[in-house]
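Student: Given chain E, work out where chain V should sit, using these hints.
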Amino acid sequence: DTAVSQTPKYLVTQMGNDKSIKCEQNLGHDTMYWYKQDSKKFLKIMFSYNNKELIINETVPNRFSPKSPDKAHLNLHINSLELGDSAVYFCASSQADRTTDGYTFGSGTRLTVV
Amino acid sequence: AQSVAQPEDQVNVAEGNPLTVKCTYSVSGNPYLFWYVQYPNRGLQFLLKYITGDNLVKGSYGFEAEFNKSQPSFHLKKPSALVSDSALYFCASRGGGGAGSYQLTFGKGTKLSVIP
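Heads up: the sequence lines are chains E and V, in that order.
Mind the numbering: the first sequence is residues 1 to 114 in my numbering, read in order.
Mind the numbering: the second sequence is residues 115 to 230 in my numbering, read in order.
So here's chain E without its partners, still in its complex pose (with noise of 0.2 Å):
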């Protein structure tokens, strides 16, 4: 059993589209996350949620709005697709009450924009 999921894995799609990755994670974590990697390999904050709830929120345009269904699924939609949206996106979960944990990333998405 996959710990954290993603879907879809790769995704290639021309500017201007709508797209949604989804994140699952089946370790109970009450804590979730998105993070983004360019290509210089930088990982970069997105968003965190926490029990549904937005806690972090980084300087991330607002065409990136995540949802959080419940607390085991925490999805990504990006309006308007760029060019340079073009990465690999992580989801990662962890649980907030214990800080001596790291995090358990999924296998990621490489988004590409034509």
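If you're looking for bench data, these hints aren't it; they were derived computationally from the structure.
Keep in mind it's a predicted model, so treat the numbers as computed, not measured.
Keep in mind that a hint or two might mislead.
[What the hints assert, rightly or not] The calculated lysine-lysine pairs, modelled on DSS-like cross-linking and capped at a C-alpha distance of 30 Å, are:
(1) E/Lys-52 to V/Lys-163
(2) E/Lys-19 to V/Lys-191
(3) V/Lys-136 to V/Lys-183
(4) E/Lys-9 to E/Lys-19
(5) E/Lys-40 to E/Lys-9
(6) E/Lys-41 to V/Lys-136
(7) V/Lys-222 to E/Lys-67
(8) E/Lys-40 to E/Lys-19
Tutor: Below, chain V alone, put in the same frame as chain E:
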């Protein structure tokens, strides 16, 4: 505020030689420190962590890391590198307390290349 620095973008080492990937940190309170590895086209995998106790922690795949509070650093080491160790390595910290301490802060990553 907490920060993690990985001063080297790339480390090259010959197979069989010892390897070190450097990490320094700035965290208020007692830091919780982590190393993750990312193989090509894969997600990040946990390698090891330091929480408290013995300064030398051992992790997966023969890796170990030494916590040095005075420097302060948490360098990743392996006595004998394998070609299969070639990957991107991330150091991360989680603050020891206070608001936002649950958040994991990552360094910018170091690409390790082990040459046959």
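Student: If a hint holds in the structure, say so; if it does not, say that too.
Tutor: Tested hints:
| no. | hint | in the structure |
| --- | --- | --- |
| 1 | E/Lys-52 to V/Lys-163 | 28 Å, holds |
| 2 | E/Lys-19 to V/Lys-191 | 41 Å, violated |
| 3 | V/Lys-136 to V/Lys-183 | 14 Å, holds |
| 4 | E/Lys-9 to E/Lys-19 | 13 Å, holds |
| 5 | E/Lys-40 to E/Lys-9 | 20 Å, holds |
| 6 | E/Lys-41 to V/Lys-136 | 17 Å, holds |
| 7 | V/Lys-222 to E/Lys-67 | 27 Å, holds |
| 8 | E/Lys-40 to E/Lys-19 | 23 Å, holds |
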